[in-house]
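As they're listed, the protein sequences go chains X, F, V, Z, R, G and A. The opening residue of the first sequence carries number 1 in this note's numbering; numbering runs sequentially from there. The opening residue of the second sequence carries number 94 in this note's numbering; numbering runs sequentially from there. The opening residue of the third sequence carries number 187 in this note's numbering; numbering runs sequentially from there. The opening residue of the fourth sequence carries number 280 in this note's numbering; numbering runs sequentially from there. The opening residue of the fifth sequence carries number 373 in this note's numbering; numbering runs sequentially from there. The opening residue of the sixth sequence carries number 466 in this note's numbering; numbering runs sequentially from there. The opening residue of the seventh sequence carries number 559 in this note's numbering; numbering runs sequentially from there.
Among the hints, erroneous ones may be present.
Said to hold, decoys possible - With the Cβ distance kept under 7 Å, some of the chain V side facing chain F (calculated, not the full set):
1. L275
2. A276
3. E279
As the list claims (entries may be wrong) - Negatives, chain X to chain F, calculated, CB over 12 Å:
4. M1
5. I3
6. T16
7. E19
8. E36
9. K38
10. P54
11. S56
12. D61
13. K66
14. V75
15. I92
To be verified - Simulated pairs of lysine-lysine, PhoX-like, Cα-Cα distance not exceeding 25 Å:
16. K385(R) <-> K353(Z)
17. K410(R) <-> K353(Z)
18. K126(F) <-> K252(V)
19. K232(V) <-> K101(F)
Quick caveat, the hints were computed from the structure, so don't treat them as lab data. Cβ coordinates follow ideal geometry from the N, Cα and C atoms, glycine included.
Listed below, chain by chain, are the residues.
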Amino acid sequence: MHIKPLGKNVLIKPLTEKETKSGILLPASAKEKPQEGKVIAVGEGKWENDKRVPLSVKAGDKVLFKQYGGEEIKVDGEELKILEEEDILAIIE
Amino acid sequence: MHIKPLGKNVLIKPLTEKETKSGILLPASAKEKPQEGKVIAVGEGKWENDKRVPLSVKAGDKVLFKQYGGEEIKVDGEELKILEEEDILAIIE
Amino acid sequence: MHIKPLGKNVLIKPLTEKETKSGILLPASAKEKPQEGKVIAVGEGKWENDKRVPLSVKAGDKVLFKQYGGEEIKVDGEELKILEEEDILAIIE
Amino acid sequence: MHIKPLGKNVLIKPLTEKETKSGILLPASAKEKPQEGKVIAVGEGKWENDKRVPLSVKAGDKVLFKQYGGEEIKVDGEELKILEEEDILAIIE
Amino acid sequence: MHIKPLGKNVLIKPLTEKETKSGILLPASAKEKPQEGKVIAVGEGKWENDKRVPLSVKAGDKVLFKQYGGEEIKVDGEELKILEEEDILAIIE
Amino acid sequence: MHIKPLGKNVLIKPLTEKETKSGILLPASAKEKPQEGKVIAVGEGKWENDKRVPLSVKAGDKVLFKQYGGEEIKVDGEELKILEEEDILAIIE
Amino acid sequence: MHIKPLGKNVLIKPLTEKETKSGILLPASAKEKPQEGKVIAVGEGKWENDKRVPLSVKAGDKVLFKQYGGEEIKVDGEELKILEEEDILAIIE
Numbered sequence: 001m002h003i004k005p006l007g008k009n010v011l012i013k014p015l016t017e018k019e020t021k022s023g024i025l026l027p028a029s030a031k032e033k034p035q036e037g038k039v040i041a042v043g044e045g046k047w048e049n050d051k052r053v054p055l056s057v058k059a060g061d062k063v064l065f066k067q068y069g070g071e072e073i074k075v076d077g078e079e080l081k082i083l084e085e086e087d088i089l090a091i092i093e
Numbered sequence: 094m095h096i097k098p099l100g101k102n103v104l105i106k107p108l109t110e111k112e113t114k115s116g117i118l119l120p121a122s123a124k125e126k127p128q129e130g131k132v133i134a135v136g137e138g139k140w141e142n143d144k145r146v147p148l149s150v151k152a153g154d155k156v157l158f159k160q161y162g163g164e165e166i167k168v169d170g171e172e173l174k175i176l177e178e179e180d181i182l183a184i185i186e
Numbered sequence: 187m188h189i190k191p192l193g194k195n196v197l198i199k200p201l202t203e204k205e206t207k208s209g210i211l212l213p214a215s216a217k218e219k220p221q222e223g224k225v226i227a228v229g230e231g232k233w234e235n236d237k238r239v240p241l242s243v244k245a246g247d248k249v250l251f252k253q254y255g256g257e258e259i260k261v262d263g264e265e266l267k268i269l270e271e272e273d274i275l276a277i278i279e
Numbered sequence: 280m281h282i283k284p285l286g287k288n289v290l291i292k293p294l295t296e297k298e299t300k301s302g303i304l305l306p307a308s309a310k311e312k313p314q315e316g317k318v319i320a321v322g323e324g325k326w327e328n329d330k331r332v333p334l335s336v337k338a339g340d341k342v343l344f345k346q347y348g349g350e351e352i353k354v355d356g357e358e359l360k361i362l363e364e365e366d367i368l369a370i371i372e
Numbered sequence: 373m374h375i376k377p378l379g380k381n382v383l384i385k386p387l388t389e390k391e392t393k394s395g396i397l398l399p400a401s402a403k404e405k406p407q408e409g410k411v412i413a414v415g416e417g418k419w420e421n422d423k424r425v426p427l428s429v430k431a432g433d434k435v436l437f438k439q440y441g442g443e444e445i446k447v448d449g450e451e452l453k454i455l456e457e458e459d460i461l462a463i464i465e
Numbered sequence: 466m467h468i469k470p471l472g473k474n475v476l477i478k479p480l481t482e483k484e485t486k487s488g489i490l491l492p493a494s495a496k497e498k499p500q501e502g503k504v505i506a507v508g509e510g511k512w513e514n515d516k517r518v519p520l521s522v523k524a525g526d527k528v529l530f531k532q533y534g535g536e537e538i539k540v541d542g543e544e545l546k547i548l549e550e551e552d553i554l555a556i557i558e
Numbered sequence: 559m560h561i562k563p564l565g566k567n568v569l570i571k572p573l574t575e576k577e578t579k580s581g582i583l584l585p586a587s588a589k590e591k592p593q594e595g596k597v598i599a600v601g602e603g604k605w606e607n608d609k610r611v612p613l614s615v616k617a618g619d620k621v622l623f624k625q626y627g628g629e630e631i632k633v634d635g636e637e638l639k640i641l642e643e644e645d646i647l648a649i650i651e
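Based on the provided sequences and hints, a complete structural model is requested.
As structure tokens, this is what we get:
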């Protein structure tokens, strides 16, 4: 089964704290903590001025996203999230 | 009888939990759970810059949509929904 | 006497439940129930980029509209409604 | 004395119930009842894309307008209203 | 001393009831009563599409403006108001 | 040390009541009293249609600004404010 | 590890009070105190009219930013912030 996000939606697999060995530790006090995740699939982009604006992230990118954005879904046992591109803050390289 | 959605409206038949054998299980805790459905008919798209922007979904597509979007109607005994395209998150292939 | 809607306004005659033999039954639980009606007259459309965008419905169309949109008026004893085009969800054919 | 509305403002003389012999009766239950009036003067229209968009009503038109829109003024003893064009729903012919 | 309004701001001297012999009497019941005033100075207009849109009023115009719009200032003992152009409803000729 | 405002931000030194010998006295009753100040530095303007829209005020201008707009900072002992251009109502000449 | 901000996001290292020897002292009374920081990395800018609008700050700039904007993260032990460009008020030179 394949989930194909529409428009500027992005399908993400959030990483658990154990998986994020990148050195990013999120402060416990922050009200809305950004979270790490891996991009699974991206939409074709939003329609603007008669063409689509391609997204800035691609499948495979490790990203930092706003924790409370998007919708949670469970696909074949995996917990995923569908976010809009604006909820992604940065790529972790 | 035929329902022809206007503009960027989409007519959808929500699938019951038994019908969604796709492996998507929605977490019970999520406040706004996305739901699966089958597209029955789509509008011609929104008017923008002197032409219509065609929708990204078509009749027959299996989609994931936001549960609280749109309007519920009952047509010939079937419970359907009319949603705006933005309430559809992804196509399930 | 003739009512000529302005811009993107549409004049509609809502149908009573007895008149809607189309098979559409609206769920009693829905907070905002779409309603059936017949288009009596339409405006010339909204002004955009130096021209008018014509409306997608025309006099005579049977339509599904959002129940709480628009303004109620009574003309020659008939109860009518003036709605904006966006409050019309679909054409019933 | 002459009142010249600015931009998309319209000067209107609301008609009393006795004057509206047009057959339009407004339901007492409607929260915001549209009201009949006669257009006295109109503005030159709103500035858009380097020109003015002319209004769709003209002095002398009998119109249906939203009751709670606009500002009430009294000129030479007459109770008038200054409305924006969007508050006018239809022309009564 | 000279006050030069910026952009679409307009400097106005509100007229007292005694000064408004124009025949306009504002109803005591109206929540937001339009008020008469004389334009003292106007801004160069708002920047739009690489040029300034000139204002529709000029110094010396007698105008009707919304009572609660704008900011009150006192210049050399005179009570004045700085309003945005949109708060001016009409020119009184 | 030099503070260089970004975009449409303006750095202002608010004047105390003793410094404002201009004759402008602000009414004590006004909820949001405009205040006088001297422009210290201005941004390059907002990006619009592929160029920057230059600001309408320049360093040295004496201006009237909305009291509650902007952010207070203290630089080398001086109390300054960073405001957006829209919070400036007029130039005092 | 490298954090690459997306779009108009900017990665900033906030400076502690001891590090800000610039002479800027923020008033204790201000509800939302601007804060000093050093830009670590910037996004490619927002997509507008078929191109990206480059940001006005660059890595290495010392900036004044709104305290409550953005998201806090901790990278390799350092407390950083990801802000949108609009939350940066000025460059400190």
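Results for each hint:
Restraint check, L275(V) versus chain F: the minimum CB separation of about 5 Å is within 7 Å; hint holds. For A276(V), the interface hint holds, since its Cβ comes within 7 Å of a Cβ in chain F; the closest pair sits about 5 Å apart. Checking E279(V) against chain F: minimum C-beta separation of about 4 Å stays under 7 Å; hint holds. Distance to chain F contradicts M1(X) as a non-interface residue, since its nearest Cβ pair spans about 5 Å, not more than 12 Å.
Chain F draws I3(X) into its interface by the beta-carbon criterion, the shortest separation being 5 Å against a cut-off of 12 Å. Consistency note on T16(X): stated as away from chain F, and its beta-carbon is indeed over 12 Å from all of that chain's, at 15 Å minimum. Residue placement check: E19(X) keeps its beta carbon more than 12 Å from all beta carbons of chain F (closest about 19 Å). The non-interface label for E36(X) is consistent with chain F: the shortest C-beta to C-beta separation is roughly 20 Å, beyond 12 Å.
Against the 12 Å criterion, K38(X) stays outside the reach of chain F, whose nearest CB is about 17 Å from its own CB. No Cβ of chain F approaches the Cβ of P54(X) within 12 Å, the least distance being about 15 Å, so the stated non-interface status holds. At roughly 19 Å from the closest C-beta of chain F, the C-beta of S56(X) stays outside 12 Å, upholding its exclusion from the interface. Here D61(X) stays apart from chain F, with its beta-carbon at least about 18 Å from theirs, past the 12 Å limit.
No beta-carbon of chain F comes within 12 Å of the beta-carbon of K66(X); the shortest separation is about 16 Å. V75(X), annotated as away from the interface, has a beta carbon of chain F within 12 Å; the closest lies near 5 Å. For I92(X), the shortest C-beta to C-beta distance to chain F comes to about 24 Å, beyond the 12 Å cut-off, and the non-interface label holds. With a C-alpha separation of about 21 Å, the suggested pair K385(R) and K353(Z) falls inside the 25 Å cut-off, and the hint holds.
With a CA separation close to 19 Å, the supplied pair K410(R) and K353(Z) stays within the 25 Å bound. Note on K126(F) and K252(V): the hinted pairing holds, with a Cα-Cα distance of about 24 Å set against a maximum of 25 Å. Only pairs whose Cα atoms come within 25 Å are accepted, and K232(V) paired with K101(F) is accepted, the gap being roughly 17 Å.
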